Structure formats: structure tokens, C-alpha cells
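Colleague: What follows is each chain in one-letter form.
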Amino acid sequence: MIETVLSGDRPRSRILAVILAAILVCLAAAPFLFPGTRALDVAAKVCVFVLLVASYDLLLGYTGIVSFAHTMFFGIGGYGIAIATTRMDPTWTAIVVGTLCALGVSLLLSFLIGLFSLRVKAIFFAMITLAVASFFAILASQLSNITGGEDGITFKVPELLRPATRLLEEPFAGVVIGGRFVTYYLVFVASLALFLALLRTVNSPFGRVLLAIRENDFRAEALGYRTVIYRTIANCLGAAIATLAGVLYALWLRYTGPNTTLDFAIMIDILLMVVIGGMGTMYGAALGATIFVVAQNYLQDLMKLASEAAKGIPLVPDLLHPDRWLLWFGVLFVLSVYYFPRGIVGQLRAWRA
Amino acid sequence: MSAQPAQADALPQARTDFIPVLIVVGIALGAFALIGSASTWVTLTVAGLAMGLLIFIMASGLTLVFGLMDVMNFAHGLFIAIGAYVAVSVLRIFGAAAGADSFAANLAAIAPALLAATVVAGLLGLFFERVIIRPVYGQHLKQILITTGGMIVAEQLIHVIWGPDQLPLLRPPTLRGAFLIGDIALEKFRLAAVVIGLAIFAALALILNRTKIGLLIRAGVENKEMVEAMGYRIRRLFVAVFVAGAALAGLGGALWGMYQESVTVLIGAHMMVLIFIVIIIGGLGSVGGCFVGALLVGLVANYVGYLSPKIALGSNILLMVIVLLWRPQGLYPMSKQ
Amino acid sequence: MADALLALAGVHTHIGHYHILQGVDFAVPRGELTMLLGRNGAGKTTTLRTIMGLWPASAGSIHFDGADIARRPTPSIAELGIAYVPESMGIFAGLTVQENLLLAARSGPLDDARLEWIFRFFPAMKKFWFLPAGLLSGGQKQMLSISRSIVEPRKLILVDEPTKGLAPSIINNLIEAFRELKKTETTILMVEQNFHAARSLGDAVVVMDSGRIVHSGRMAELAADEALQTRLLGLSLEVHQ
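Just so you know, the sequences run in chain order U, W and S.
In this text, residue positions in the first sequence follow our numbering: the first is 1, and each later residue adds one.
In this text, residue positions in the second sequence follow our numbering: the first is 1, and each later residue adds one.
In this text, residue positions in the third sequence follow our numbering: the first is 1, and each later residue adds one.
Calculated from the structure, these hints are not laboratory results.
Remember, predicted model here, so these are calculated numbers, not experimental data.
Do not rely on the hints blindly, as some may be mistaken.
[Said to hold, decoys possible] Restricting the straight-line Cα-Cα distance to at most 30 Å, the calculated cross-link-like pairs of lysine-lysine (DSS-like) are:
#1 W:Lys224 with S:Lys155
#2 S:Lys164 with W:Lys224
#3 S:Lys182 with S:Lys164
#4 U:Lys45 with W:Lys310
#5 S:Lys155 with S:Lys127
#6 S:Lys127 with W:Lys224
#7 W:Lys142 with S:Lys127
#8 W:Lys224 with W:Lys142
#9 U:Lys45 with U:Lys304
#10 S:Lys182 with S:Lys126
#11 W:Lys212 with W:Lys224
#12 W:Lys188 with S:Lys182
#13 S:Lys182 with S:Lys155
#14 S:Lys127 with S:Lys183
#15 S:Lys164 with S:Lys183
#16 S:Lys126 with W:Lys188
#17 S:Lys126 with S:Lys155
#18 W:Lys212 with W:Lys310
#19 W:Lys188 with S:Lys127
#20 U:Lys121 with W:Lys142
#21 S:Lys126 with S:Lys183
#22 S:Lys164 with S:Lys126
#23 S:Lys182 with S:Lys127
#24 S:Lys183 with S:Lys155
#25 U:Lys121 with W:Lys224
#26 S:Lys164 with S:Lys127
#27 U:Lys45 with U:Lys121
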């Protein structure tokens with residue numbers, strides 16, 4: 001049964017299986033296990049980013065494409081439903097319309113980008129995606145009539161998801177069963193389902209061709225696979241899932257804006273997560289996203305303590321300052337690329353062997 | 001396929017491709033038609049040329065490095081940022097001379113600042129090439145990842161050393177203001193930037209076309225393997241080119257900081273998008289293409305910024321798309337074996 | 001019979017997963033022109049590239065003038081006095097003919113006597129002196145590539161299919177030039193498919209098949225033995241006149 005659900009892609013490492021199971025349980029029971037808005041916020045963010053990073057792994061780890069435009073699709077999803085719910089009434093219809101429109105835009109854009117640039121060198125492609133993504137970010141902040149500019153859009157969600165809504169009058173097991181509760185499980189279930197769908201994709205014949213292309217595209221081409229087509233499909237698929245992740249995130253925050261979706265820093269974060277977790281494994285995305293988001297929220301507190309404790313020593317307090325946590329992740333990232341190119345997941349699997 | 005003896009009489013002309021240059025001139029003239037006022041046009045053109053040439057200084061190293069070594073350094077913006085920050089620090093030391101009202105004194109302050117910026121950036125480049133880039137020669141995926149990672153780490157370190165706030169990098173008094181010729185105002189600093197930029201272009205052109213090293217670089221961009229098979233250790237040349245590119249980026253960064261009169265950590269990152277656009281437009285590996293591309297980008301940014309501010313920020317990307325639709329490999333593509 | 005300037009012993013070369021050279025043994029006599037023949041895909045180009053260090057030998061030794069040059073970096077191999085004229089000619093299209101030759105002349109300015117020699121056989125070089133080499137025709141590019149290898153004295157010249165894709169008149173031109181070159185006692189190892197050229201120029205001959213040497217001896221003997229030709233090269237070479 002588990003085999004089918006995981007599409008035959010087992011963790012292949014006892015430690016990894018345990019960690020993944022733990023993450024799953026924590027996320028599944030988050031409202032009950034971790035009371036408080038902040039904790040639930042972190043859990044929702046983990047769900048969204050696991051999906052976002054997994055969709056990026058499809059591109060980077062499985063197809064070998066480095067794209068800097070992924071946050072653009074993330075943003076399109078968020079803006080899609082934000083604009084839809086503000087233009088129309090905040091109903092489920094609006095959500096569906098917004099999502100479909102966002103998917104349409106993303107698919108078109110990713111198709112064009114793919115067609116244009118996937119024929120060229122990887123480096124060229126990376127630079128072009130950078131330029132396109134920054135163009136989009138500029139558009140988003142300039143067209144404030146539509147996008148709310150720098151401030152973004154705060155919008156109302158359908159009644160079922162609103163914080164004030166109550167499904168049960170009394171709290172159950174100490175947890176209020178209301179709008180936030182429903183929203184969380186919507187995000188969780190959708191993320192899980194899409195993640196499993198990705199797992200199915202990469203373990204299908206299509207996924208195997210992608211891996212072949214990544215290993216040696218000349219050979220794949222010689223074997224009769226039109227690599228441009230496969231790459232374009234992978235590009236579009238990744239973009240579509242990122243868009244859906246954007247939709248989920250916006251639903252949770254009830255807000256969308258350049259800072260939460262289009263910021264280049266987020267693109268960097270995604271890169272960090274996928275490489276540290278392990279490229280080309282999908283589970284690496286799950287692991288990397290969890291570690292990163294949790295660290296982002298809680299590690300900074302630890303660093304603050306350490307920084308204060310080191311007061312007086314030259315330079316050290318600055319290095320340990322909570323704002324510098326990206327420094328350490330950056331170092332971890334660089335070390336990962338050199339010494340642990342397979343990331344945590346790859347390393348765990350290698351140890352098992 | 002092969003020349004017939006009769007054909008040997010016909011000597012084909014080596015035509016220098018002037019079309020892109022004509023396009024630059026065309027755009028300048030077209031802008032004049034749209035703008036109308038001579039004084040505004042001159043101001044914008046000088047601004048465009050200054051900006052373009054400063055971008056050229058920063059971008060030329062990157063395009064050569066890519067053309068010669070097939071290495072794309074996504075952390076190139078780092079050298080720009082370091083150049084700017086070092087200039088800030090050095091100018092602080094020479095605070096008095098920097099603020100004085102005499103050109104000689106100002107020069108005595110700026111020269112060391114620019115020199116320090118160039119040298120430190122060059123040294124950082126040496127470190128970068130050896131430690132970060134060398135292990136991943138030939139692996140484009142890892143290069144992109146590693147250089148992006150290196151940039152993140154270095155940006156954070158800049159925060160640590162110089163703090164997170166925006167720092168001012170004021171132009172010295174004798175370079176502030178403008179020369180007035182009738183109605184037209186020519187900003188002094190921009191003129192200085194144009195002069196420096198042209199000087200550097202001339203120097204690069206001279207080195208590339210008149211020296212043996214330049215010969216090696218041009219040949220290496222086309223066919224590294226053959227150059228090695230002719231007995232040249234081109235790897236050593238790589239390092240020299242990389243360091244030179246980093247040093248130029250540092251110089252450009254310091255000048256750009258002075259142009260903007262302020263420096264933030266993101267100065268490098270902001271320029272990188274423009275620089276990528278310039279080298280893509282120009283043709284990866286071509287210094288001449290980089291020059292023309294930079295002028296295009298600078299001029300277009302300024303003209304469009306005046307004529308239609310809304311689309312100004314995106315205008316360069318549109319420019320890139322248009323150029324690529326016309327010549328997909330850039331204006332002056334390098335022939336590669 | 002001259003001593004061996006170049007000697008390969010048990011040379012293997014792997015490219016990725018492919019095992020191309022599977023134990024190559026042969027010697028190139030000093031002062032002679034050795035022809036390396038074989039069907040397509042036999043490994044002839046790989047052999048030249050391995051000698052030049054462009055692809056490292058995974059096993060075996062390559063002795064040049066006494067020293068083992070296997071697995072040394074390419075520039076140091078070239079410095080020992082080996083010139084390489086690749087199948088793709090390797091000329092620098094953006095550089096002028098003059099610049100191409102200047103680059104080839106490592107030790108300094110171009111020698112007038114040698115230039116005269118080059119201009120005599122390849123007048124196009126003089127004509128196109130200041131023009132970008134990319135404007136040359138296929139045959140002229142090949143002439144430039146060969147000119148580069150002789151603009152300074154070299155101990156050994158490796159030439160890969162110089163007549164490929166060229167018109168018969170040009171081929172004859174090249175054969176004449178190589179005949180003249182042989183008079184200077186330069187050692188040459190040449191890969192050729194055109195047997196007319198091979199027979200005209202070769203003193204010694206080495207035949208390869210599937211990454212191994214299957215015959216080595218004198219060209220005169222091979223040229224006289226049709227049965228051997230058919231066996232080794234799959235056809236009677238008279239056809240290639």
C-alpha cells in the first residue's frame with residue numbers, strides 16, 4: 001500500500017524514513033501538537049515550501065535545468081487568487097477562476113520561456129530566467145492598480161476559511177475547529193497530494209527520460225527522445241505546481257505581495273533548500289524545506305542568545321547576529337555543493353548502503 | 001567546399017559589422033526627434049553614455065571570462081560591491097582631501113580609493129578563482145550553484161564588516177555640478193565617467209588586438225584546445241583574465257557608487273541583471289559587443305526613463321528580447337569551434 | 001630502418017564509458033612519414049589525440065624522443081616539438097592568416113625562409129595575409145593549418161585526414177607540399193582515408209581496427225599486396241585512385 005502511495009520511491013534509508021514519517025505526523029497533527037498561531041504558521045509554510053521546492057527539484061534535480069524564474073510562478077499563483085477574490089466576490093468560484101487563470105498564465109509563460117531558451121546553453125537559460133523574473137517583479141510593483149504595488153493585496157477568503165468561522169462551538173482537544181483549522185488542512189492535504197503526484201511523475205517513464213536527459217542529453221537525443229519537448233514539459237509542470245503552491249500560500253496568508261512571493265531572496269532560499277536537502281530525490285525537498293523554514297523561525301532566537309553571550313569578542317557577535325543566519329546557510333550550501341552534492345538525503349542513503 | 005584556381009583572384013573583403021553601431025547612433029537621433037529639446041537631449045545622452053560606459057567597465061571582464069573559460073560567475077556582482085565598499089572606506093580615510101575644494105586634493109583622495117577598489121577586487125577575484133571556481137571547471141550546473149552560494153555568503157560578510165545600512169559615497173566637490181554651455185548642462189562626473197570608460201575600452205582593444213596575450217585570448221575564446229595544442233598554457237591566462245575582470249568590476253563598482261552617491265550591499269545584485277542583459281545583447285565573449293550593448297542599454301534606459309517612466313525599468317529587458325529576435329546569438333557572436 | 005622517434009606501448013584510452021583504444025602498440029620511425037590507416041571508427045583520431053594529450057591515456061606508455069609523455073598536459077607535449085593538424089583544422093576564424101601563423105611561431109618572429117616556402121606551395125596564404133582566416137575556403141584553411149605546423153621546425157607532425165573533403169586538384173597540391181616537406185627529414189604521422197595520398201607519401205604504414213593495431217610494415221609492401229589490402233581495409237585500394 002505504501003509502495004503504491006509513494007509510487008515505488010522508497011526512502012531507502014531507515015533514518016530518512018523515520019525523519020520523513022516524523023515530519024508527516026507533525027504536519028498532519030500540527031494544530032493539535034503545536035498550539036499557537038506562530039507554530040501553525042510555520043507548519044503551513046513548511047507544507048507550501050515543501051511543495052514549492054519539490055516542484056523546483058523536478059527542474060533542477062531531475063531535468064538539470066537551473067531556472068531563476070520559479071518565484072515568478074509562485075507569485076502568479078498568489079496574485080491570481082488575490083486579484084480574482086477582490087474583483088469578484090470572495091467565493092469558491094473566485095478561487096477556482098483565479099487559480100485557473102494563474103495556471104493559464106504560468107503555463108503560457110513557462111512554455112514560451114522553454115521554447116525560446118531551452119535550446120541554448122544552461123547558462124544562457126539561467127540568465128534569461130533571471131532577467132524575465134526581475135522584469136515580472138518590476139511589473140508587479142509598477143502596475144499598482146492591478147497588483148497593489150509594493151504593498152500587495154490583502155483579500156477576503158470564502159466564508160468557510162475565514163478565521164471567525166466556527167465549525168464546532170466548543171474547542172476539540174484544545175483546538176478551535178474554525179476557519180484557520182480548515183484552511184490549514186486544505187493547505188496540508190493539497191500539498192501532500194501534489195507532492196505525491198510529483199513523486200508519481202518522477203517515477204514514471206517520463207521521469208526516467210528526464211533523468212536520462214540530465215545525465216547525457218546528447219545520448220538521449222540520439223536514442224530518439226526530443227529533449228526540447230521533455231524539457232519544456234518539465235518546465236511547464238514545475239511552473240504549474242509552483243503556481244498552485246502560490247495559491248495555497250496566499251490562501252493561508254490571505255495576502256499576496258512582492259515580498260512574500262517575488263523576492264529574489266526567496267529564489268535563493270529555494271536553491272538552498274533543494275541543494276542542502278538533496279537534488280533529484282524529492283524527499284530532499286521535503287527535508288530541506290522543513291529544516292530551512294523551521295530554522296528561519298526558531299534558529300534566529302538561538303542565534304540571538306549566542307550573539308549576546310559572545311558580546312565583547314571582536315566580530316563574533318556580528319557573525320552570530322540573528323540577521324546573519326543566511327550566512328551560515330550559505331556556507332552550508334557551498335559546502336553541500338562541493339562535498340555533499342547528494343545533499344542530506346543522498347548522504348543518508350549512501351551511509352545505508 | 002574548395003576554391004577553384006580561377007576564384008583565387010577574387011579577394012573577399014573583411015567587412016567590419018557596423019550595423020549595431022549605426023543602430024546606437026540611430027537611437028540617439030531618434031530620441032532627439034522625440035525629445036525635442038537640445039539641452040535635455042544632451043543631458044540624457046551624456047547620462048546614457050556615462051551609465052553605459054560604467055556598465056561596460058563592469059561587464060567586460062565577465063564576458064571575456066565566459067568566452068574564454070566557459071565559466072559563468074554569478075557572483076560577479078560581488079566584485080562590484082567590494083569595489084564600492086572599499087572606495088567608501090578609503091575615502092573616509094582621506095576625508096579631508098576628499099572634501100576639499102581643490103581638484104588636486106580631490107584627485108589625491110579619489111585615486112587611492114579607485115586604486116584600492118581595483119586591487120582588492122582583483123585579489124578577491126584571485127581567491128575566488130582558485131577556491132570557488134577552479135574545482136568546478138566545466139560543470140556549468142555546479143558553477144551556477146556555487147557562485148550563487150558564494151555571493152550569498154559574501155554579501156552577508158559585507159553586512160558584518162560594513163553594517164547593513166546604506167552608505168554615502170559622495171562625489172568630491174570639484175566633480176560635482178556641471179559645465180554650462182549655453183542652455184546645456186554637462187555634469188562633470190558623468191563626463192569623467194565617459195572619459196574613463198572610453199580609456200578602458202581603448203586599452204582593452206589595444207591589448208586584444210596588438211599584443212600576443214590579446215592574440216592568445218582571442219584565439220582561446222574560439223578554440224581553447226587548439227591553443228593548448230600549440231604549446232600555450234592557457235590555464236594561466238584564465239586566471240589572469242579572471243583577475244583582470246574582477247579588478248575592472250571593482251573599479252566600475254567604485255565609480256558607479258560615486259555616480260549614485262550611495263552604496264548598498266545590493267549594488268552588485270542590481271547591476272548583475274543589467275550586466276547579463278548587456279553581455280547577452282553584445283554576444284557572450286565579445287568585448288566589442290559588450291561595448292555596443294552597454295551603450296545601447298545606457299542610452300535606452302535614460303531616454304525611456306525620460307519619455308515614458310512607467311516602462312523605464314523594464315525597457316532593457318524588452319531591448320534584450322528585441323535584439324535576440326533579430327540576432328539570437330547577440331550582436332557580435334563569437335565563432336566557436 | 002630509422003630508430004623510433006615515437007613509440008606507443010599498450011596504450012588504452014577511455015572516453016566516458018567507451019573503451020576506444022584497446023592496447024595500441026606501434027612505433028614511428030624518425031625522419032619518415034608513417035601512414036595510419038583503418039576503417040571509420042577504428043580509433044585513428046583518438047590515437048593522435050591521445051598522443052597529443054587531449055584525451056589522457058588510461059594505460060600504457062607513449063615514448064617520444066626517450067621521454068614518456070603519456071598523461072602529460074597538452075601544452076608541455078607541444079613544447080617538446082610536436083605539432084598537431086587536427087581533422088577540423090582548428091584554425092582561428094576571427095584571427096588573420098598572419099595572426100594564426102604568429103601564434104604558431106612560439107619562439108619569436110616568423111622566419112622568412114620558411115614563409116617563402118609556405119607561400120610557394122600555398123600562395124593563398126600570402127593573398128589572405130591580413131584577412132580573417134574565416135574567409136578562406138576549405139582547402140585554404142587546410143593549407144593554413146599545415147602551414148602553422150611548419151612555421152617553426154618541429155620534431156614530429158601529427159596530421160589527421162588532410163585531404164578530407166577537398167577537390168582533387170587541391171589534394172595534389174597538398175601531396176606535393178608534403179613530398180617537399182619530407183625532404184627536410186621531418187617525422188610525420190598521418191591519418192588518411194585517401195589511399196592515393198597514402199601510397200604517394202607513406203614510407204611506413206600502420207593499420208588499425210577496433211582500437212588495436214592489426215598490421216605494421218612498409219607502405220611499398222602493402223601497396224603491392226592486393227590481398228592484404230582487401231583483408232585489412234575491406235576493399236581493394238586501387239578503387240581510390
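Colleague: Give a verdict on every hint.
Modeller: Tested hints:
1. Among the hinted pairs, lysine 224 of chain W with lysine 155 of chain S is consistent with the structure: their alpha-carbon atoms are about 23 Å apart, no more than 30 Å.
2. Annotation: proposed proximity of lysine 164 of chain S to lysine 224 of chain W holds, straight-line Cα distance about 23 Å (limit 30 Å).
3. Between lysine 182 of chain S and lysine 164 of chain S the CA atoms are separated by roughly 20 Å; this keeps the pair inside 30 Å, and the hint holds.
4. The hinted pair formed by lysine 45 of chain U and lysine 310 of chain W fails the criterion: a straight-line CA distance of about 34 Å is larger than 30 Å.
5. Note on lysine 155 of chain S and lysine 127 of chain S: the hinted pairing holds, with a Cα-Cα distance of about 29 Å set against a maximum of 30 Å.
6. About 27 Å separates the Cα atoms of lysine 127 of chain S and lysine 224 of chain W, which keeps this hinted pair within 30 Å; it holds.
7. Of the supplied pair hints, the one linking lysine 142 of chain W and lysine 127 of chain S is violated, its CA atoms being roughly 47 Å apart against a limit of 30 Å.
8. Pair hint lysine 224 of chain W plus lysine 142 of chain W holds up; C-alpha atoms about 21 Å apart against a cutoff of 30 Å.
9. Pair hint lysine 45 of chain U plus lysine 304 of chain U holds up; C-alpha atoms about 22 Å apart against a cutoff of 30 Å.
10. Annotation: proposed proximity of lysine 182 of chain S to lysine 126 of chain S holds, straight-line Cα distance about 23 Å (limit 30 Å).
11. For the hint linking lysine 212 of chain W to lysine 224 of chain W, the alpha-carbon distance of about 15 Å falls within 30 Å, and the restraint holds.
12. Pair hint lysine 188 of chain W plus lysine 182 of chain S does not hold up; C-alpha atoms about 67 Å apart against a cutoff of 30 Å.
13. For the given pair, lysine 182 of chain S sits about 12 Å from lysine 155 of chain S by alpha-carbon distance, which is consistent with the 30 Å threshold.
14. Taking the CA atoms of lysine 127 of chain S and lysine 183 of chain S, the gap is about 26 Å. The hint holds against a cut of 30 Å.
15. As the CA atoms of lysine 164 of chain S and lysine 183 of chain S are separated by approximately 24 Å, the hinted pair is consistent with the 30 Å bound.
16. Of the pairs offered as hints, the one joining lysine 126 of chain S and lysine 188 of chain W is violated, with about 50 Å between alpha carbons and a cut-off of 30 Å exceeded.
17. Between the alpha carbons of lysine 126 of chain S and lysine 155 of chain S the distance comes to roughly 25 Å, so the proposed pair stays at or under 30 Å and holds.
18. Annotation: proposed proximity of lysine 212 of chain W to lysine 310 of chain W is violated, straight-line Cα distance about 48 Å (limit 30 Å).
19. Pair hint lysine 188 of chain W plus lysine 127 of chain S does not hold up; C-alpha atoms about 50 Å apart against a cutoff of 30 Å.
20. Of the pairs offered as hints, the one joining lysine 121 of chain U and lysine 142 of chain W holds, with about 14 Å between alpha carbons and a cut-off of 30 Å not exceeded.
21. Taken as a hint, the lysine 126 of chain S and lysine 183 of chain S pair is honoured in the structure, with Cα atoms around 23 Å apart against an allowance of 30 Å.
22. Of the supplied pair hints, the one linking lysine 164 of chain S and lysine 126 of chain S holds, its CA atoms being roughly 23 Å apart against a limit of 30 Å.
23. Restraint check for lysine 182 of chain S and lysine 127 of chain S: the C-alpha separation of about 25 Å stays at or below 30 Å, so the hint holds.
24. Simply put, lysine 183 of chain S and lysine 155 of chain S have alpha-carbon atoms about 14 Å apart, close enough for the 30 Å limit, and the pair holds.
25. Taking the CA atoms of lysine 121 of chain U and lysine 224 of chain W, the gap is about 18 Å. The hint holds against a cut of 30 Å.
26. Restraint check for lysine 164 of chain S and lysine 127 of chain S: the C-alpha separation of about 23 Å stays at or below 30 Å, so the hint holds.
27. Between the alpha carbons of lysine 45 of chain U and lysine 121 of chain U the distance comes to roughly 34 Å, so the proposed pair goes past 30 Å and is violated.
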